[in-house]
Amino acid sequence: MNVQQIVSLSFLLLGFFFFIAATVGLLRFPDFFCRLHATGKGDTMAVLLSLIGLSLYEGFSLTGLKIVFIAVFMFLAQPTATHAIARAAMRCGQEPWVKGKGETK
Amino acid sequence: MNSFFLFQGMGLFALVLLCLYRGAFGPGVLNRIAGICAIGTKTLVVLLLMGFIYNRVEMFVDISMVYAFLNFIGTITAAKYLERIGELP
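Residue numbers (the numbering used here), protein chains in the order written: chain D, 1 to 105; chain L, 1 to 89.
Keep in mind that the hints were calculated from the coordinates and are not lab data.
One or more of the hints may lead you astray.
Distance windows between CB atoms, simulated [said to hold, decoys possible]:
{"no.": "1", "chain 1": "L", "residue 1": "M59", "chain 2": "D", "residue 2": "F73", "range": "16 to 22 Å"}
{"no.": "2", "chain 1": "L", "residue 1": "E87", "chain 2": "D", "residue 2": "V68", "range": "38 to 44 Å"}
{"no.": "3", "chain 1": "D", "residue 1": "P30", "chain 2": "L", "residue 2": "F4", "range": "33 to 39 Å"}
{"no.": "4", "chain 1": "D", "residue 1": "Q4", "chain 2": "L", "residue 2": "I76", "range": "32 to 38 Å"}
{"no.": "5", "chain 1": "D", "residue 1": "G100", "chain 2": "L", "residue 2": "Y54", "range": "51 to 57 Å"}
{"no.": "6", "chain 1": "D", "residue 1": "V68", "chain 2": "L", "residue 2": "A24", "range": "44 to 50 Å"}
{"no.": "7", "chain 1": "D", "residue 1": "H83", "chain 2": "L", "residue 2": "M10", "range": "30 to 36 Å"}
Backbone N, C-alpha and C fix where the C-beta goes; we use that ideal spot for every residue, glycine too.
Whole structure, please, built from the sequences with the hints as guidance.
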């Protein structure tokens, strides 16, 4: 294994850790807005790190540039989608969770 | 390196199954949308890993790009629809 493979492997492992954190947040948080907060930020960071690792493994070519393009697009699109769902939930009258109320939907 | 890609793909598949719980049983339609969006982002990385395993990454990268576009458009469409009707179904 050379230096390029070790760097890309560490990026992939870091991204996988962020994926696990986002999934645990999506499953365990008590409210819709808390879950969206976990999965929006965690998945964005995880996809960014994983795609950077994969493009480093591929090297400088057209495929590597396409992977970088997917990373840039996801970095713009994922927060936009999260914001759109959260705004729709607020307009639809979803109540945010407050402390001591227990688990809501 | 190939076996590492394989094991990371299997781990991501397990995470997809965990997210599918929120997508299938999550209370209300909003939790389902959030779960499906999370599944889409994981599937994008799984597709790229499959391309590296099969040594056909120049084909799988296009599929992954289209999957990213469709995931974004689907989430935006569902959010816009919910915002327009103004109440939770």
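Going through the hints against the structure:
no.	hint	result
1	L:M59 <-> D:F73: 16 to 22 Å	holds, 19 Å
2	L:E87 <-> D:V68: 38 to 44 Å	holds, 41 Å
3	D:P30 <-> L:F4: 33 to 39 Å	holds, 36 Å
4	D:Q4 <-> L:I76: 32 to 38 Å	holds, 37 Å
5	D:G100 <-> L:Y54: 51 to 57 Å	holds, 52 Å
6	D:V68 <-> L:A24: 44 to 50 Å	violated, 34 Å
7	D:H83 <-> L:M10: 30 to 36 Å	holds, 32 Å
Hint 6 from the earlier list is the only one contradicted by this structure; the remaining hints agree with it.
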